[in-house]
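*Asks:* Two chains, each in its own frame: build the complex with the hints.
Protein sequence lines, in the order shown, are assigned to chains U and C.
Going by this note's numbering, the first residue of the first sequence is number 53, and it counts up by one from there.
Going by this note's numbering, the first residue of the second sequence is number 1364, and it counts up by one from there.
Keep in mind the hints are simulated off the structure, nothing from the lab.
Mixed in with the good hints there might be a few duds.
Quick list of the computed label-pair ranges, beta carbon to beta carbon [stated by the list, open to error]:
{"id": "1", "chain 1": "U", "residue 1": "Thr310", "chain 2": "C", "residue 2": "Arg1380", "range": "30 to 38 Å"}
{"id": "2", "chain 1": "U", "residue 1": "Ile304", "chain 2": "C", "residue 2": "Arg1380", "range": "30 to 38 Å"}
{"id": "3", "chain 1": "C", "residue 1": "Lys1792", "chain 2": "U", "residue 2": "Ala126", "range": "39 to 47 Å"}
{"id": "4", "chain 1": "U", "residue 1": "Asp291", "chain 2": "C", "residue 2": "Arg1380", "range": "55 to 63 Å"}
{"id": "5", "chain 1": "U", "residue 1": "Ala69", "chain 2": "C", "residue 2": "Pro1432", "range": "29 to 37 Å"}
{"id": "6", "chain 1": "U", "residue 1": "Thr310", "chain 2": "C", "residue 2": "Asp1505", "range": "17 to 25 Å"}
{"id": "7", "chain 1": "C", "residue 1": "Gly1774", "chain 2": "U", "residue 2": "Ile304", "range": "53 to 61 Å"}
{"id": "8", "chain 1": "C", "residue 1": "Lys1792", "chain 2": "U", "residue 2": "Glu275", "range": "37 to 45 Å"}
{"id": "9", "chain 1": "U", "residue 1": "Asp291", "chain 2": "C", "residue 2": "Lys1668", "range": "44 to 52 Å"}
{"id": "10", "chain 1": "C", "residue 1": "Pro1432", "chain 2": "U", "residue 2": "Gln74", "range": "21 to 29 Å"}
{"id": "11", "chain 1": "C", "residue 1": "Asp1670", "chain 2": "U", "residue 2": "Lys284", "range": "56 to 64 Å"}
{"id": "12", "chain 1": "U", "residue 1": "Glu275", "chain 2": "C", "residue 2": "Gly2087", "range": "29 to 37 Å"}
{"id": "13", "chain 1": "U", "residue 1": "Asp305", "chain 2": "C", "residue 2": "Asp1547", "range": "40 to 48 Å"}
When the alpha-carbon atoms are kept at most 16 Å apart in a straight line, the in silico EDC-like pairs for lysine to aspartate or glutamate are as follows [said to hold, decoys possible]:
{"id": "14", "chain 1": "U", "residue 1": "Lys307", "chain 2": "C", "residue 2": "Glu1545"}
{"id": "15", "chain 1": "C", "residue 1": "Lys1792", "chain 2": "C", "residue 2": "Glu1754"}
{"id": "16", "chain 1": "U", "residue 1": "Lys72", "chain 2": "U", "residue 2": "Glu56"}
{"id": "17", "chain 1": "C", "residue 1": "Lys2102", "chain 2": "U", "residue 2": "Asp91"}
{"id": "18", "chain 1": "C", "residue 1": "Lys1486", "chain 2": "U", "residue 2": "Asp91"}
{"id": "19", "chain 1": "C", "residue 1": "Lys1489", "chain 2": "U", "residue 2": "Asp91"}
{"id": "20", "chain 1": "C", "residue 1": "Lys2102", "chain 2": "U", "residue 2": "Glu312"}
{"id": "21", "chain 1": "C", "residue 1": "Lys1668", "chain 2": "C", "residue 2": "Asp1864"}
{"id": "22", "chain 1": "C", "residue 1": "Lys2050", "chain 2": "C", "residue 2": "Glu1754"}
{"id": "23", "chain 1": "C", "residue 1": "Lys1481", "chain 2": "U", "residue 2": "Glu94"}
{"id": "24", "chain 1": "C", "residue 1": "Lys1486", "chain 2": "U", "residue 2": "Glu94"}
{"id": "25", "chain 1": "U", "residue 1": "Lys323", "chain 2": "C", "residue 2": "Glu1976"}
{"id": "26", "chain 1": "C", "residue 1": "Lys1481", "chain 2": "U", "residue 2": "Asp91"}
Just so you know, even glycine gets a beta-carbon here, dropped at the ideal spot from N, CA and C.
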Amino acid sequence: MRYESPTTTKEAVALLAQEKGQAYVLAGGTDLLVRLRLDTIEPDLMVDIKRIPAMTEIKKTATGFKIGAAISGATLGKNKALLKAWPGVVEATNLIGSDQVQGRCTMAGNLCNASPAADSVPAMIAAGAKAIIVGKKKRTVAVEKIIIGPGQTILEKGEMIEAISLPAAVKNSADAYLRFIPRTEMDIAVVGVAISLKLKRGVIESARVALGAVAPTPLLVKEAAKAIIGTKLDDEALDALAAACSSACNPIDDKRGTIEYRRRVAGVLAKRTAKIAYERAGGK
Amino acid sequence: MNDPKYTGQEFKVIGSRVKRPDGIDKVTGRARYGADMNAPGQLVALMLRSPHAHARIKKIDISKAEKLPGVKAVITAADLPDLTEGNAGLFDTLENSMARDRALYDGHAVAGVAAIDKSTAKKALKLIKVTYEKLPHVTDVDDALEDDAPIIQPRYATEGQHGNLINKGEFGQGDIDQGFAEADVIVERSYKTGQTHQGYIEPHACLASVSPDGTGELWVTTQGHYSYRNTCAQLLGMDIAKLKVTSSEIGGGFGGKTHVWMEPIALALSRKANRPVKMVMSREEVFKASGPTCSTSMEIKIGAKKDGTIVAARAECRYMNGAFPGMWGTLGGMTAFACYSIPNNKAIGVNVLCNRPKVAAYRAPSAPMMAFGVESTIDQLSKELGIDPVELRLKNVAREGTQAPYGPVWGPIGIEPTLEAVRDHPHMKAKLGKNQGRGVACGFWFNIGGQTCSDLNIGPDGTVNLTVGTIDVGGARASLAMIAAEELGITYEDVKVNIGDTSSLGHNDTTEGSRGTFSSGMAAIFAARKAVDVLKERAAKMWQIPVESVIWEDGSARANGKEHSNLSPLTLKDIAKKAGSTGGPIAGHHEATAEGAGVSFASHIVDVEVDPETGKTQILRYTVVQDAGKAIHPDYVEGQFQGAAAQGIGWALNEEYIYGKDGRLQNSGFLDYRIPVCSDLPSIDTKILEIPNPGHPYGIRGVGETSIVPPLGAIGNAVSNAVGVRMYEVPMSPPRILKALDEAGV
Ligand SMILES: Cc1cc2nc3c(=O)[nH]c(=O)nc-3n(C[C@H](O)[C@H](O)[C@H](O)COP(=O)(O)OP(=O)(O)OC[C@H]3O[C@@H](n4cnc5c(N)ncnc54)[C@H](O)[C@@H]3O)c2cc1C
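In isolation and in its complexed conformation, chain C is listed as follows (with noise of 0.2 Å):
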């Protein structure tokens, strides 16, 4: 896929800064999302939710909610048999969209109602009789290890290891007992993280309409429609050919969009009522009944020598994964060092079930918890060894040939110089007052290619449709008409992108992992170049010469040769005119499974201000460093460092889920989840630095999620330098602050 023909070309619309496609539409209120779509006879379904952490589910009685006038259906997973031919996942899946046997958290939907109206649904819930058994419950990552935990979930207990430990995924080279015995100084330190939210503002909702001849449709707020569509297909015993999903406009997924939730239900209702069905979530709902991210706790261990040389790392994260086994703490172990270049290193995800919602991807999954602790531990390492932070990370800094601890030689990487710009950078040299303290952290994010398939359409009037199906979730229409605009040589304007939906396009993966632009970008560079062979031929049509002697400049076809030099170039537009007597429409099509996702990397610097009488923490001053490869609409690269530092923020100062003694979780709003607010945030300052990813015809890295990873490390260690402790718990809100000053006797 190297295609050195384009990496450090000259770009003429790639890099500048256009309008977005979807602007208007977004602030008139036009744009329609999950909630917007209706259908004639639509009915309003609504979930019954356990109201228990984990209990047993004796008994469902819907017999008087069947018999409300109004109600068209009513379901419980006696509904829904097992058509899952034993994957393992799928039936997560089915579990987690219904309980069968069991409610494994607070908000597990245990029946789904479809009625006339609103009002008749929320009457029906109530006439549902569920008779529970309570169990016990564990809601805390660590007490789930414990002897006498209950077992969430048998099924995937192993013999020899406690039950809910699911599995370990580790990683890393050399030997660190040796590593450690070689070191002079060694600092180690336990951590723990909140559990967090996406946040996203838009609530889960869906319009599902199943029809008595097996067809179907979805309309819903998705970050990956085929992924809905196959496995919606596959629960409800569907073809796959015959459901067909369109993906709305999203608002905010981050990770959270990429599974189904309750959409499978909104189906079965649909399909047992013969009618459409519109399930839309509450925030309640979203908060107790999507997918947040892990809670964490671990313990990170470095040494080094006198000259700063890190001679072993070791670090083991336990993930907390709600009530379904997934990969978070393996992801975890392998971001855990990778931004350093140690002998000696190991790194233990360990994934751990509890009584919370079935864990779920949040931008840069597990590798801000883990860059927590590394990057509080590298610091405090900084102070005992006497040299300065920035320095150490740049004496122990991964470089092009370093191999990763999970596994790859990095090719050329950005963590250097973006280690380098944050020393350089004028915010390192502003003064600080009292109570006040600056942190710097760096971050690690993969970037994944996966199954692409778009679609370049170029109409008679010479204006082009570009289809992809990955979603846009940050800008990716603009950024993808741009690349075909360039490709094409013709105007940004005269590109319009389409999601399409399922049954227009190919199956592409889920926009996750930071590879929107990057593979559909892929593609729609090779449809425009597979285009641009069509308007080719068709100019050597038009002039009756061989298509040999056509080549494509600037946007039309030009005929080479001395003996064509009475032929006038011909524009995409006199091409695309004739198109109906030259061979018809003119397109370009491309599928594949990208490859050469780059790395990401990014440093962070921040400035705080902590009122040592209140504990509160204030950001005063924040600076994103990254390598986006290359930037192809600079403004939409910038929101996404300064959206994932704003998250960043949010996490390590407010943001928690918190469980009572019961088991239910006590903040399920924005009231008492606290999300970070406009006030709350300085002007996020960005700097995007542009190391090519060889592996992609731009240079294009994924650039979405690598600047959540530093916020919390660099705001702990700036916490840390305002007021002279260590925060070892993230949140850092006001309480856990003033209680570690008065521990510390500050």
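With the rest of the complex left out, here is chain U (with noise of 0.2 Å):
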């Protein structure tokens, strides 16, 4: 196996390009070493992308925020303009892992590694966010598209992520997170609920509502988003919102949770998430 570690994408792109075995972008490694120990892959090639300038800063750009692919979770929680901007994604991030996880992890691996359970995905699906690709060209996809089912993405051979942008704050608008997990921390998540929306005078004039761990993808829930749209959060809406999320979930039947399960608690993190951006927004 090789390791390298290259200091432009241009040349880490053509690194992935030129390989003929199995290639990986090493990340924060918080997936890729446990899968190397475990033996479910031998790569040929390990391009380390966290030399490379572009990838290892956040930019604040006209329409929002750009997050290079190698920022960690811990570095991620330190920037205040995102955390005022996005608590939910940063939330969602911060969840990953413990101490010792969050000083490696990224959002970006967190995507590719494509688990229907990734803590951080169904925030950056509910914030409208967009994966900047790079390749043989340039494309720029929504980050709901990035995951076509466990372990799968859309990313084609010599394209990697370099970075996740994410759209500027907007006015009287809020985002959360919340999971469910048997214990308090370093565990995956049973179910995810991911929840932005904005606010005109109290009533949610719109939002996303996306949820992990029910599917096998991480899902945008349209119909959730209709339930609560046009209200103030009263206790309808609410209930709305829980059925729609427990009837949208897909999920399997295992150690991790019955599908019975999953679909109550989808329901009601749904809800406990909804109140909780909704109060973030200036909402009462």
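*Replies:* Here it is in structure tokens:
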């Protein structure tokens, strides 16, 4: 196995494109190195992106934020502007693992690992985040379109994510993320719910609701958003939201939770998440 | 052994909180664990394991693996002739270390490979071709007793009973039928508990080296290097004295490192390859192929008079032993009603086989499950009677003079004092909020003594080496150094305790049954007293006075009597310095089968909050009260209380082996086998009671195990008080609680 640590995106892309065997991008390595140790992958090349300056900065742009693919959870959590604009995305990313894992793990890695239970992904989807993909040519794709199945993404050979972009903060808007795990940390979501919404005089004007761990891929649930748009998040709206989330679930029965349990808890968490986002946006 | 001179005496070192001797090495990484030893030319060994829960092994073709360059040895059961001479338990160990005609559980070893490196060994595993014929399997303890269940071990089947039922341990007193007839209120319930693993952080690991001359060495993480030596030597046909086993530092054991697993195979590979062999289990292998505890299924029935006098109790609990029989049900039966004085009681522990790994001890093995059933039932009884649950327990508590259900008449015991301490504890008065509840439960566990052999050697500068044959899994080195210092009258810092390898001391029983500090502490006391005798002789020689005139006080020899008033005391150091000219090195030795082990009781209080919408339970506050007899090093004693409670909390809430319909283990890793993380636990309060064990010179009782017994019941009771549903199954995981809430219509 070869290990390379290029200093430009161009070099990184070239390395990936030229490799005939199995090539992997190494961001924080908190998924990749685990898989290496478990023998589920046998890479021929690992391209470490942590030395690429463009990938290790958070830029505030005219249209929002550009978060380099190698930015760790810990660094993200310290960015005040981001925390203010997208508290839900930051809290979701900061839920990953433990302090040690936070020092390494990235949003792009979380996305490319393509686990149905990835914590930051529903939050990115709810926030309307986009992945900036580099390869033969550059393309920008909405996060909800990246994952197509457990462990599978639309990325083609030689492609990688350079950064995640988030829209600029809008007044009277906010997001939130909650997950259910049996413990308090170091666990994998049984259900994850992310909601972003915008208020106009206390009424929800627009919203995006995303679910994790309840289907083969994270879901953007339009019906759930519809259930609360135009409301002040009264009990009726909350119940409709919960029902829409529960019925959008397409989970499996497994060691982590039954279908029935996941559906139920998706509804419960959706209500709680919506209340947090609503309050953060200034709703009462 | 009862030595009243030392019971209740004033101590100088005992009871203080000195620094642990292994702390720096452990935090800096200098300490060497099982996987940290290397030898020149060593090979890496890996095991091929059965992917089936139950299968006949029709053929194993190792020819391709053997031909792979870099592979130095491949072995299967064919390389391990049966040398057990009719010893059934030893044959079980042999069969468990390598499947013979059948693979008996998912993860059962079928072949071992030693190669020059790990990647070569991995390739070799892929080249071994095993032809299996799948057989029907069973992994649930109740299913295993169904008529159509496959028989796991035909050699253990007995005419006239189910082939998977090994035996029943029955204990009790009086006439339970008559007792229940006299009862005003009877509560009868069924319970189940999941299978848990000790979850020690360090996987099994060893370095084995066998020479063509028939001698061998094994460096290994173990709770009992003598037992590992004896077992391995017998299985491989070696002379016991020619196999030297050294115990490494140990990263937790809790009973799981009391028996050999892959060690005989590492030795066999080394012998075949004629090279040292290192073998380290992966976490997955630890879960699948070491010795977790039993899952259980039980019925508990308790009857009382209106005034709360319990007149009859019956328990029947089926213990899933895995693919080989153990004594787990028997132990459970003995513990069932040990906390109480019940005139008519019967407890039956049933040993059942399943296609799961061979069960090993786990901290107070078999008691937590039984206590879950009994303590949950007593709580329900208290509700039916309208009597406070602590008062009900106190009313029926066992005391000095009560005959234990398994026979002995109790001496001074601590269950009543722990319950009184619980009743009077401020924790019991703390306010509870919405969805919060409090639970109390009691627990009992034995201690054992056993074969012990220790050496105490005084160096030329007067510092002391105490060499013991029990291992240090919970701070024993500190406690034993304190004991030696106390006896010799010197400082703790002047004593260094070593764990001797098997060639340096006589046989020592395994460090289990909370015996380490009890037994080696006893041996340290007597070895030190023998050394003091020698010190006195040497002082007499230096002074040229009769030894009868020498007394030992505060670490010095003093000459007794007016005629010697001109002789100033000789310190241990003074005498040690002159040892060469007064008769040679000064030492004390002690070997014995330690008798007089006490028993230990604990009562726990727990507050929980249950989220009624998700079923998740949070532990808010936890208090352990336990009798330690005498706390040698209170920090370590508290650590044992806390650790045991933490493991009990994990067992109660989330830990569980999950088997699929295919009989394969689905959660062989710490992601889906959920032991508590730090943030899951509150700081666990402890209260040490000291009711001296009259069988030990210092009154010591083992403290390591008892506090894993009450948590399951205490948490079950607390959950019930928080949300009004009774949990009959452990773990009380969120989906189970939510389902119970639904069913109760809460
Ligand atoms: C102890 C522990 C706890 C964890 N807890 C959680 C948790 O609570 N929630 C959670 O969601 N996850 C958790 N994880 C999983 C993991 O930490 C996250 O998925 C993390 O975000 C991965 O980021 P990374 O930078 O470490 O990815 P890496 O391991 O570096 O990469 C992951 C995958 O994505 C690919 N990749 C990485 N970056 C790029 C890129 N820029 N372009 C293209 N492909 C790329 C890699 O090749 C690899 O296949 C945990 C992991 C561990 C070890």
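*Asks:* Would you mind marking each hint as holding or not holding in the structure?
*Replies:* Here is how each hint holds up against the structure:
1. Thr310(U) to Arg1380(C): 30 to 38 Å: For Arg1380(C) against Thr310(U), whose Cβ atoms are near 48 Å apart, the range 30 to 38 Å is violated.
2. Ile304(U) to Arg1380(C): 30 to 38 Å: Taking Cβ atoms as reference, Ile304(U) and Arg1380(C) lie about 51 Å apart, which means the hint is violated.
3. Lys1792(C) to Ala126(U): 39 to 47 Å: holds, 42 Å
4. Asp291(U) to Arg1380(C): 55 to 63 Å: This hint holds: roughly 57 Å between Cβ atoms.
5. Ala69(U) to Pro1432(C): 29 to 37 Å: holds, 35 Å
6. Thr310(U) to Asp1505(C): 17 to 25 Å: holds, 21 Å
7. Gly1774(C) to Ile304(U): 53 to 61 Å: Between Gly1774(C) and Ile304(U), where Cβ atoms are some 56 Å apart, the hint holds.
8. Lys1792(C) to Glu275(U): 37 to 45 Å: Violated - the Cβ-Cβ distance for Lys1792(C) and Glu275(U), about 50 Å, lies outside 37 to 45 Å.
9. Asp291(U) to Lys1668(C): 44 to 52 Å: holds, 51 Å
10. Pro1432(C) to Gln74(U): 21 to 29 Å: holds, 24 Å
11. Asp1670(C) to Lys284(U): 56 to 64 Å: holds, 59 Å
12. Glu275(U) to Gly2087(C): 29 to 37 Å: holds, 35 Å
13. Asp305(U) to Asp1547(C): 40 to 48 Å: With Cβ atoms ~45 Å apart, the hint holds.
14. Lys307(U) to Glu1545(C): violated, 46 Å
15. Lys1792(C) to Glu1754(C): holds, 15 Å
16. Lys72(U) to Glu56(U): Between Lys72(U) and Glu56(U) the Cα gap is close to 15 Å, so the pair holds against 16 Å.
17. Lys2102(C) to Asp91(U): violated, 38 Å
18. Lys1486(C) to Asp91(U): Distance of about 12 Å is within 16 Å: holds.
19. Lys1489(C) to Asp91(U): OK: Lys1489(C) and Asp91(U) at ~13 Å, within 16 Å.
20. Lys2102(C) to Glu312(U): holds, 10 Å
21. Lys1668(C) to Asp1864(C): Measuring from Cα to Cα gives roughly 57 Å; hence the hint is violated.
22. Lys2050(C) to Glu1754(C): violated, 20 Å
23. Lys1481(C) to Glu94(U): holds, 14 Å
24. Lys1486(C) to Glu94(U): OK: Lys1486(C) and Glu94(U) at ~13 Å, within 16 Å.
25. Lys323(U) to Glu1976(C): holds, 11 Å
26. Lys1481(C) to Asp91(U): holds, 12 Å
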